[in-house]
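Undergrad: With the working numbering as the guide, the letters of the sequence shown map in order to residues 1036 to 1123.
Check before you lean on any hint, since a few could be wrong.
Claimed, not checked - Below are the DSS-like pairs computed for lysine-lysine, each with C-alpha atoms no more than 30 Å apart in a straight line:
no., residue 1, residue 2
1, LYS1075, LYS1095
2, LYS1095, LYS1077
3, LYS1060, LYS1077
4, LYS1060, LYS1075
5, LYS1095, LYS1060
Unchecked claim - Derived Cβ-Cβ restraints for the label pairs, each shown as a range:
no., residue 1, residue 2, range
6, ASN1048, SER1089, 15 to 23 Å
7, ILE1052, HIS1096, 19 to 27 Å
8, ASN1048, ASN1092, 29 to 37 Å
9, LYS1060, ASN1101, 18 to 26 Å
10, TYR1049, GLN1098, 13 to 21 Å
Derived by calculation from the structure, the hints in this document are not laboratory data. No experiment lies behind these values; they were computed from the predicted model shown. Using N, Cα and C, we set each Cβ at its ideal position, and we do this for glycine too.
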Amino acid sequence: MFKLVWSDSFMGNYNVILTCRNSEKIIEPTLTSIIEQSIKPKYIIVIDDGSTDSTPNILKHIQTRNNNKSSVIINIIAPYCKTLIQIL
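Model the full structure from these sequences, guided by the hints.
TA: Okay, here's the thing in structure tokens:
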């Protein structure tokens, strides 16, 4: 049996990477759920694959709203993913 034990030292020691495209209906509830977890990620990286709906505007709004919280939201446009992968 597998038992997962959480500790304070784990806090902020993981990142979340999401991909999205035309996700205006689900991106805000998804990010809000991640942000409101008791153990928060250090970074939330959202890779937008060229959305043509209001997804980019929603992401900007969430970034602004979450500015003072512990998780940092980074929005990356898909053509820059190769650079991100090289950095990681």
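Undergrad: Work down the list of hints and note, for each, if the structure agrees.
TA: Each hint tested on the structure:
Between the alpha carbons of LYS1075 and LYS1095 the distance comes to roughly 20 Å, so the proposed pair stays at or under 30 Å and holds. Taking the CA atoms of LYS1095 and LYS1077, the gap is near 18 Å; set against the 30 Å cutoff, the hint holds. Between LYS1060 and LYS1077 the alpha-carbon distance is near 25 Å, which keeps this suggested pair within the 30 Å criterion. With a CA separation close to 23 Å, the supplied pair LYS1060 and LYS1075 stays within the 30 Å bound.
For the hint linking LYS1095 to LYS1060, the alpha-carbon distance of about 15 Å falls within 30 Å, and the restraint holds. Checking the proposed 15 to 23 Å range against ASN1048 and SER1089 shows it is violated: the Cβ atoms sit about 33 Å from each other. In this structure the supplied range 19 to 27 Å holds for ILE1052 paired with HIS1096, their Cβ-Cβ distance being about 20 Å. Here the CB-CB span from ASN1048 to ASN1092 is close to 31 Å, well matched to the stated 29 to 37 Å.
Taking 18 to 26 Å as the suggested C-beta distance range, the pair LYS1060 and ASN1101 conforms, at roughly 19 Å. At about 20 Å, the CB distance of TYR1049 to GLN1098 agrees with the hint of 13 to 21 Å.
Violated hints amount to a single one, hint 6; each of the other numbered hints is respected by the structure.
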